[in-house]
Amino acid sequence: MVHFVGAGSGAVDLITVRGARLLGKADVVIYAGSLVNPDVLSYTKKDCVIHNSAEMTLEQVIAVMECAEKAGKTTVRLHTGDSSIYGAVREQFDELEKRGISYDVCPGVSCFCGAAASLKAEYTLPDVSQTVIISRAAGRTPVPERESIRALAAHQATMVLFLSTSLTETLQRELLAGGYPGSTPVAVVYKATWPDEKIFRCTVDTLHKTVTENSLTKTSLIIVGNCMGQQYMRSLLYHPGFTTEFREATQ
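Under numbering that gives the first Met the number 0, the very last position in the sequence shown is 250; numbers go up by exactly one each time.
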């Protein structure tokens, strides 16, 4: 059996209870060494065989899984955050299915959740934004034109951008061209929830300058939107004048 496990956003104790339990039972672990906090491997047993997938190809990863399966061993494929977001897991699923190898998926705490916690931010504020767009700037991996930063920026929603810190000159230009005012709040969160986390606040107009002055090139998340501003409407859910299924309005 192969278990795909989300390691969480960085802090060792932000892995799920299920994820930690699966790590503790694993005979083989293949972890994304370029992004996963290696301290998470402390949940493994002493005789667990550990592989760093940062140094491996897809074919090598599958070969390790196949070998472990033939030996009757349990494998954990440990991905950063939650594997459903930029985890390159679909291709692994397909290869395992071709070989008749059973697998399941244990979700994790994505860094976009970890960043919100660190920022003490709510991405979905009434009368500000009810939509969160998770995307990335086009780099070596292309992005469909319909999902370009310029096209998505037209919605003026909260935007959370992965894998884009090295592309901020173009990113800033596209955010402005898409419709975000230059004064729109931006936060750049370096290694969200890790012990060495850093937070940089700026605006769309100063995004590239902030990133370059602080030498941020990777493992950073960029959040764009007025959800980090000061103006919003109070939620009706807890308003005394709003009736719900569970209580009557009192005014």
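A few of these clues could be false.
[Stated by the list, open to error] Label-pair restraints from in silico Cβ distances:
{"id": "1", "residue 1": "Asn51", "residue 2": "Thr123", "range": "35 to 41 Å"}
{"id": "2", "residue 1": "Ile49", "residue 2": "Phe92", "range": "17 to 23 Å"}
{"id": "3", "residue 1": "Asn51", "residue 2": "Gly181", "range": "39 to 45 Å"}
{"id": "4", "residue 1": "Arg149", "residue 2": "Tyr231", "range": "41 to 47 Å"}
{"id": "5", "residue 1": "Lys24", "residue 2": "Gly99", "range": "45 to 51 Å"}
{"id": "6", "residue 1": "Asp93", "residue 2": "Arg233", "range": "46 to 52 Å"}
{"id": "7", "residue 1": "Phe241", "residue 2": "Asp93", "range": "44 to 50 Å"}
{"id": "8", "residue 1": "Ser182", "residue 2": "Asp46", "range": "21 to 27 Å"}
{"id": "9", "residue 1": "Ala150", "residue 2": "Ala70", "range": "37 to 43 Å"}
Simulated from the structure, these hints should not be mistaken for lab results. Each residue gets a CB set at the ideal place from its N, CA and C atoms; glycine is no exception.
Within 21 to 27 Å: is that where the Cβ-Cβ distance between Ser182 and Asp46 falls?
violated, 56 Å
Holds or violated: the 46 to 52 Å window for the beta-carbon distance between Asp93 and Arg233?
holds, 47 Å
Satisfaction of the hinted span 35 to 41 Å by the C-beta atoms belonging to Asn51 and Thr123
Since the Cβ atoms of Asn51 and Thr123 sit about 37 Å apart, the hinted range of 35 to 41 Å holds.
Does the Cβ pair Lys24, Gly99 satisfy 45 to 51 Å?
22 Å Cβ-Cβ, so the 45 to 51 Å window is violated.
Would you say the C-beta atoms of Asn51 and Gly181 sit inside 39 to 45 Å of each other?
holds, 42 Å
Just to be sure I understand the hint, the distance between the Cβ atoms of Phe241 and Asp93 should be within 44 to 50 Å; is that true here?
holds, 48 Å
Measuring from beta carbon to beta carbon, are Ile49 and Phe92 in 17 to 23 Å?
holds, 22 Å
Do the beta carbons of Ala150 and Ala70 sit within 37 to 43 Å of each other?
violated, 49 Å
Tyr231 and Arg149 - C-beta distance against the hinted 41 to 47 Å:
Between Arg149 and Tyr231, where Cβ atoms are some 26 Å apart, the hint is violated.
The structure is inconsistent with the numbered hints 4, 5, 8 and 9, although it conforms to all the rest.
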